[in-house]
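Engineer: Same order as they appear, the protein sequences are chains A, L and R. For what it's worth, our numbering labels the leading residue of the first sequence as 657, then goes sequentially. For what it's worth, our numbering labels the leading residue of the second sequence as 87, then goes sequentially. For what it's worth, our numbering labels the leading residue of the third sequence as 538, then goes sequentially.
Careful, some of the hints might be misleading.
With a Cα cut of at most 16 Å, we get these calculated EDC-like pairs of lysine to aspartate or glutamate [unchecked claim]:
1) L:181 - R:583
2) A:864 - R:601
3) A:775 - L:118
4) R:595 - L:191
5) R:619 - R:597
6) L:423 - L:363
7) L:266 - A:948
8) A:864 - R:589
9) A:937 - L:244
10) L:266 - A:786
11) R:542 - R:577
12) A:1060 - A:948
13) R:542 - R:562
14) R:593 - R:577
15) A:775 - A:662
16) R:542 - R:561
17) A:864 - R:562
18) R:593 - L:341
19) A:864 - L:191
20) A:868 - R:598
21) A:864 - R:561
22) L:266 - A:782
23) A:937 - A:948
24) A:1040 - A:948
25) R:593 - L:190
26) R:544 - R:564
27) A:775 - L:341
28) L:423 - L:343
29) L:364 - L:340
30) A:868 - R:597
31) A:864 - R:583
32) R:544 - R:598
33) L:266 - A:700
34) L:403 - L:309
35) L:403 - L:356
36) A:864 - R:598
37) R:595 - R:583
Listing some non-contacts, in silico: residues in chain A with all C-beta distances to chain L over 12 Å [as the list claims (entries may be wrong)]:
38) 694
39) 713
40) 718
Worth flagging that the hints you see were computed from the coordinates, not collected in a lab. By construction, the Cβ of each residue, glycine as well, lies at the ideal position given by its N, Cα and C atoms.
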Amino acid sequence: MDRMAERVLITGMGMISAIGNNVEENFRSLRAQRSGIGYSRFVDTIHRNVLPVGEVKCSSEELAKLAGLPDTTGFTRTTLLGLVAMQEALRSAGINDAAETPTAFINASTVGGMCDTEKIYFDILDPQKEGTFLQLIDTLDCADCTQRIADETGLTAYVTTISTACSSSANALMYGARLIRAGLVDRAVCGGTEALTRFTINGFNSLKNIDKRHCMPFDNDRNGLNLGEGAAYLVLESESFAQRRKARPMAELSGWCNTNEAFHPTSPSPEGDGAFEAMRKALEMGGLSPADVQYVNVHGTATLNNDVSEGRALERLFGNEVPAFSSTKPFTGHTLAAAGAIEAIYSVLAINRQMIWPNLNFTTRMEELRISPETRLLEESPVKNVVSNSFGFGGNNASLVISKYGN
Amino acid sequence: MEIKCYIQASAAISPQQSFSGEYAPQFLPLEERNLLRAQEPGYAGFIPPNSLRRMSRLLKMGLTAALQCLRNANATVPGAIITGTGRGSLQDTEKFLHDIRTYEETALNPTPFIQSTYNSVNGLIALQQQCTDYNNTFVHRGFSFEHALLDSLLQIQEGNAESVLVGGFDEMTVEHFFIKSRIGYWKSALTQPADMLASGTPGTIAGEGAVFFLVGTQPAPVEVRGIQMLYRPAPDQVASQLAQFLQKQGVKAEDVDLLVIGRNGDTRFDHFYAVVEKALPSTATNIPFKQYCGEYDTAGAFGMWTAQQELLSGRHKTALVYNHFYGEQHTFILLQKH
Amino acid sequence: MEALKLKLKQQIIEALNLQDTKPEDIDDNAPLFGEGLGLDSIDSLELMVLLERNYKIKVEDPREGRKILQSVQSMAEFIMSKQAA
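All chains, full assembly: derive it from the sequences and hints.
Structural biologist: Written out as structure tokens, the structure reads:
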């Protein structure tokens, strides 16, 4: 089966997060070690000045402008974030007309348009109330943002949405890559979009795993995550198709694996069995050994459970040679469905700019571990292979391996 | 497809008596609203009491249909678990929204939030069966179950799994029924399932259900030949794509002797179904399945289950399932009896 | 104290939907988690909600929560100490 051996290349990237409205701005913030965490301007919640978040600095109206729309009518913040990132991704891949080549669009979302529907939900339930808000009824689900983005950009071949909590967009990248390998499409645009909502802030707060301070991944004193928002998409193409159209490969998606913890509805196993297997098999698929990895962009949410479990998995897989690893969530917050794609882009940037991003807010090693994250910005650091981890509720784990193309 | 893929077992919780015994679909009478409620089985034989106490309705339905499917296959741990759901546990989403308001964002129980996440059923199946392999959830209206099925076929083609547990599930709450009624999803007058196709009115009857299949390489009477999805096609594209799809599967239109079709009596979108009916021989048996299960995001899974039951009963050989969800997500699934 | 413990047991049964369990089935000192009633970390969060909604006592730190929620006895003692303060 020759077709299955087809390489999957990353030929375009677009993103928006708390540290920048495009890839270049994100890069500059990472390099300047500038966090995007702060108090929310746009979410109506009593926790607004208590629980810090990684909020995108634009209002929805400003996002609409960035996306070239006259106004926000019918578009939720989730869609607008996604549209901004999608337009940049297509542009950076040199795609003027996405409809020209059958292109899959595999999106990821955890709560769809909840950011806007939660504001009008009780008006919708009131039969006496009428108005333009009724246009937003269908944005309650996860498909709405995907289809709006698809319709705005002309993507039609395979249009769908994945929701596996915090690993959603990593799974979207995997699925798109597999559609390419199976020969169903030559190109897939994959990633996720997530807007901050009162719903998710209260959800994670009810689980008592939001830190009131800036999150401290892998620190002994960590006490939970900060939520964030953003969107990121990567253009994936088969190597042969990319060569035919003379696309510029940014990196290769060389390995991936999805496993399940089968341990607990919201907690990972203490020894990180699922994380270990996901990383191990993703490397195996890429024909790589642990020694080939220069950087791990960890899931590193800074919750009590995740960091123990993921840290143990790193120690088990890499033994005494654990490569530089860091969580970039102190920059962006935990962007849930968008996290896997945002961090995949940070992994590509690590390879292309030869840098390793610092794990901010770390001071004290965890008592359960003998390893600590990289706290400095490492420049001129040769990075050829990166493991990017995304783990979520329901035990859904995903690891991606991103490699320098042509090494 | 290079590796053949068969339906080894299935299980369906639906408005019909479909979960156990002989399947004999009925036109169920509606009294209050255009909503066909699923008949829930007893859960005690499937889920331990300590897990059951916290679970909401859709989680119980989804998990139980999955477990029954594995029992029917004499299997315990599938090679992968892949599901589709358009709405996930609506009851939990609604409860958490109401709790946020009632308790003004303080002292909230986390359970409805956890269970409202779309992948919670998948996580529960994996947990109960200790399946640590590939696990994925699609949440895209009429492309939820359908992509789960495509993903399953790919897993098998890639050699990653010999069998995959694949399913679709959705529930309809009274609250969400009202919400969707505000944008014309349902017929405005109470309409009986028996009259739904000939009603000549827009909208349809709501439904719900949880349907699972174990698909895999081990030969069984019904083979899944292929699946094809079309996003927002024009009617003439439906015809041309159907022709291409059948050709790719090596099947002639006249070989199709069973058409299981998603007709739901919604006059706004009926014309798509007419296109497919016209493209197939008039002698093919035509079974509109939504009279029995109602309309919902993952009704396509019930359509495939209906086709499987018909093929198993032995009268037909080649079945096409054609369904679309409000004119946007269209799917062909081809099944063959051996 | 005895009345408080009985009430707590009833509230626990209701909040956690412990069907087939009666207040007298729960021993004051039996561990609520792991062996005992077989509760887990999500139940512990729900019990903290119970304390907040019914007794206006807020437990911020889950690690502190674990100590308070060891048994009906420890919960009752904690409530008494808070109400006395």
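Engineer: If a hint holds in the structure, say so; if it doesn't, say that too.
Structural biologist: Checked hints:
| no. | hint | result |
| --- | --- | --- |
| 1 | L:181 - R:583 | holds (15 Å) |
| 2 | A:864 - R:601 | holds (12 Å) |
| 3 | A:775 - L:118 | violated (30 Å) |
| 4 | R:595 - L:191 | holds (14 Å) |
| 5 | R:619 - R:597 | holds (14 Å) |
| 6 | L:423 - L:363 | violated (21 Å) |
| 7 | L:266 - A:948 | violated (53 Å) |
| 8 | A:864 - R:589 | holds (14 Å) |
| 9 | A:937 - L:244 | holds (14 Å) |
| 10 | L:266 - A:786 | holds (14 Å) |
| 11 | R:542 - R:577 | violated (21 Å) |
| 12 | A:1060 - A:948 | holds (12 Å) |
| 13 | R:542 - R:562 | holds (13 Å) |
| 14 | R:593 - R:577 | violated (23 Å) |
| 15 | A:775 - A:662 | violated (46 Å) |
| 16 | R:542 - R:561 | holds (11 Å) |
| 17 | A:864 - R:562 | violated (30 Å) |
| 18 | R:593 - L:341 | violated (70 Å) |
| 19 | A:864 - L:191 | holds (13 Å) |
| 20 | A:868 - R:598 | holds (12 Å) |
| 21 | A:864 - R:561 | violated (31 Å) |
| 22 | L:266 - A:782 | holds (13 Å) |
| 23 | A:937 - A:948 | holds (14 Å) |
| 24 | A:1040 - A:948 | holds (8 Å) |
| 25 | R:593 - L:190 | holds (14 Å) |
| 26 | R:544 - R:564 | holds (13 Å) |
| 27 | A:775 - L:341 | violated (53 Å) |
| 28 | L:423 - L:343 | holds (11 Å) |
| 29 | L:364 - L:340 | holds (11 Å) |
| 30 | A:868 - R:597 | holds (11 Å) |
| 31 | A:864 - R:583 | holds (11 Å) |
| 32 | R:544 - R:598 | violated (24 Å) |
| 33 | L:266 - A:700 | violated (26 Å) |
| 34 | L:403 - L:309 | holds (10 Å) |
| 35 | L:403 - L:356 | violated (26 Å) |
| 36 | A:864 - R:598 | holds (8 Å) |
| 37 | R:595 - R:583 | holds (12 Å) |
| 38 | 694 | holds (20 Å) |
| 39 | 713 | holds (24 Å) |
| 40 | 718 | holds (27 Å) |
Checked against the numbered hints listed earlier, the structure breaks hints 3, 6, 7, 11, 14, 15, 17, 18, 21, 27, 32, 33 and 35; every other hint is satisfied.
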